[in-house]
Amino acid sequence: MDHNERFRTSILILGKTGVGKSSLLNYLFGENREKVATGRPVTGQGIYRHDGFPYRNIDIDIYDSWGLEPDKAKAWKGLIEKEVRNNGAKDIKDWFHTIIYCVDAQRSRLEDFEVTDILTPLENMGNRIMFVLTKCDLASEIQKKGIREELKKRFPERLCMEVGSVSVKLRSGRITEQFGREAVFENAVLNLGENLFCKSLKRYKEDLDEYLSYARRDVLSYFEDQAGPIGLFTMYDEEFKNKIIKKAKSIYQNLIHFPKKELDKHIIFVGKAIKEVQKAYDLEKRNIDLNYIAPTSFKIEGWDNDFWEYVGGILRLGRKGHYRELVEKMCEKACEELTKSHERLIAHFEKRVLEQLKKSITQRAQ
Amino acid sequence: MLKDYEPPSLYVINITFAEGYMGVINFGEIFQNELEKFVKNIKKPNILVLGGSGVGKSTLVNLVLKREVAIPGSGKPETKGIITYRNDVITIHDSEGYESGEEKQAYYKKLIGDFIEKKSLKAEDSIHLAWYCISAPSARVNDVDIETVKLMQSKRLAVAVILTQVDATTEEACEQLKAVLRENLSNVEIFESSIDEKIPLEKGLNELNAWSLEKLPEQCRNAFICASHRDLEAKLEESKKAVNVATAAAAGIGASPIPFSDAPLLVAAQQAMLVRLAYIWDLDLKEVIASSLIDSIMSTVGKSLAGTILKFIPSLNIVGMVVNAAVAAALTYALGTTFSYTCHKICKDQIDGKVQDLASYFDKDFFDNVGKAFKEYMKGNSAEDDKGQKKA
Chain A
1 MDHNERFRTS
11 ILILGKTGVG
21 KSSLLNYLFG
31 ENREKVATGR
41 PVTGQGIYRH
51 DGFPYRNIDI
61 DIYDSWGLEP
71 DKAKAWKGLI
81 EKEVRNNGAK
91 DIKDWFHTII
101 YCVDAQRSRL
111 EDFEVTDILT
121 PLENMGNRIM
131 FVLTKCDLAS
141 EIQKKGIREE
151 LKKRFPERLC
161 MEVGSVSVKL
171 RSGRITEQFG
181 REAVFENAVL
191 NLGENLFCKS
201 LKRYKEDLDE
211 YLSYARRDVL
221 SYFEDQAGPI
231 GLFTMYDEEF
241 KNKIIKKAKS
251 IYQNLIHFPK
261 KELDKHIIFV
271 GKAIKEVQKA
281 YDLEKRNIDL
291 NYIAPTSFKI
301 EGWDNDFWEY
311 VGGILRLGRK
321 GHYRELVEKM
331 CEKACEELTK
341 SHERLIAHFE
351 KRVLEQLKKS
361 ITQRAQ
Chain B
1 MLKDYEPPSL
11 YVINITFAEG
21 YMGVINFGEI
31 FQNELEKFVK
41 NIKKPNILVL
51 GGSGVGKSTL
61 VNLVLKREVA
71 IPGSGKPETK
81 GIITYRNDVI
91 TIHDSEGYES
101 GEEKQAYYKK
111 LIGDFIEKKS
121 LKAEDSIHLA
131 WYCISAPSAR
141 VNDVDIETVK
151 LMQSKRLAVA
161 VILTQVDATT
171 EEACEQLKAV
181 LRENLSNVEI
191 FESSIDEKIP
201 LEKGLNELNA
211 WSLEKLPEQC
221 RNAFICASHR
231 DLEAKLEESK
241 KAVNVATAAA
251 AGIGASPIPF
261 SDAPLLVAAQ
271 QAMLVRLAYI
281 WDLDLKEVIA
291 SSLIDSIMST
301 VGKSLAGTIL
311 KFIPSLNIVG
321 MVVNAAVAAA
331 LTYALGTTFS
341 YTCHKICKDQ
351 IDGKVQDLAS
361 YFDKDFFDNV
371 GKAFKEYMKG
381 NSAEDDKGQK
391 KA
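So the sequence lines, in the order shown, correspond to chains A and B.
For the first sequence, our numbering gives the first residue as 1, with consecutive numbering after it.
For the second sequence, our numbering gives the first residue as 1, with consecutive numbering after it.
I should point out that these hints are in silico values taken from the structure, not numbers from a laboratory.
No false leads were slipped in.
For lysine-lysine, the following BS3-like pairs were computed, each having C-alpha atoms within a straight-line distance of at most 27 Å:
hint, chain 1, residue 1, chain 2, residue 2
1, B, Lys104, A, Lys82
2, B, Lys43, B, Lys155
3, B, Lys110, A, Lys74
4, A, Lys169, B, Lys198
Bear in mind the structure is a predicted one, so any value in this text is a computation, not a measurement.
Full structure from sequences and hints, please.
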């Protein structure tokens, strides 16, 4: 990133039709960018980028989206999931850094569809959704409490902000007030590090799984190649065994570099983001240690021994199927070990990095 | 007064009023008999209420109907499929609010369609009206809303669309919603509802009430009027009809040439009228019966009117044992009208939440008013008679 270039982040706004997504966007921008109307749904089937809202030292792109219509739920889910997935495949700087899900504060609950078909899959993709209760100026305290409880029950760790996006004269004569804008920006920015971190780790796990399946495929195809169609082995064909193990090792060693490289890239970006956030809020420049996080070497305890033990004892002439099972077992073990290492990484992250991030933010709150 | 003054011509009147008090005629029992007859002939209106989840269907029902029929709540929707609320005067089918998802939407439309079909198989079950609710603050009319209304219209069901919670949105938003509805639906009746009754509405719940009444079959009218507390004017109108019918009947009975035959008939006609009035105004009929209110009203009316009535019977020389037609009519009219106005007052007090003991409404004022109404009726009638004679 160029030094003169400002840091950019992005917010994607999702929710049911009529919940007030476009109104929220207009309120966040402080100008009418999106068409807002009553009656039929207005925002077309897609995701619409509005770029460059300058907030402190950060530029925020905001994406409005097509609202969920009750009878077009599948199409909506398809579109949103596709967009978010495609977006996740892009460079981290172009990800949807923050996803806001709007809920009408006057509703007492989330629909099953919203939870099972949208929110949960998005969370599973590593997004930490921020909830915005819209039309809070119209909702009673009881209503707000009701929906807050519902959200807390379903997504206990997620933030929930109250917003009133428009100032209008209601038929009751009351004039509604706009409020909650600063809180939306602040929460989006302050949680940026954490959000991106979580998503990066999730991404790492997905990449890892993907590469593990490639590795398994490669090892087995190498085995098939070496064994030949009939599978001619002798009891003492150590050369063959060594060949397989050596190849497998190199395949697995190689593969972890790909997800790791991606993760490293992401972590660097997260680090930048955190620095920008610290700058935005004049937070104490804590050095949040991010480097140890990515595994650099690969070691599977006892892999060789196990393999030898199995193979040495049972290898028979022509018993290719059995031999193949052993190679498969070997791959499984590698997969298990790598997954474990990932879990250790997550645990480590949660214990150290997350705590540090939280501390720096709470410090500000005080 | 009655004790030391017993002209023979008042004998029948005495039977009708004073003697009832003495146990010759048990008004309460007659009232109860008439009530049973009446209730047997009542047809309950069946109303289907629809709309999305949380648009305020239950709230609407409770705003229109006097007694809380559907209890609104928050949290999970209370209705699975279609919940039916019944009381002795009305049946409300509250459909489950639709949710997002193609399957759920298809299921919803099928549910509604099948339900209407199924109910139409039996005359007393068939749906008379549908109220379709759309939340005005939600600012959206969805395809499913339009399709469901069309579905019902295709089944020849009278559908009213109600924009709910209009107090929590702007005037323009409501107008836009109405325009969208009109654009997409032909022949659609749109009403607005708000918990805040102070907001002026072009077509509000009173209009919904009137529309519903108009769309209901004749036999259901009384029950709907009874169930509704929206439109006290409609109740007054209906009361007037009931009083007029009874007055005409009383005049006919009064003109009966057979001595003594008229009293029980007259009593029955009057009691039938009171039953109808009590029903229209949804008085607590159990309480009415239990408190022997009717007995005490009738006897007091008899006593307090005896003197007045005497003045209006100019010719004591005729048989003297028959209540003349005019008196019978006037009595019935006076009783009915005063009873209606008193019920009106009770109803208002109920709405304002300051209802008192039922018996306390039938106080001295009540009987004075009966007397006044009686006099007015007699005067009005004789004036008309005069006119008639002059013309002749």
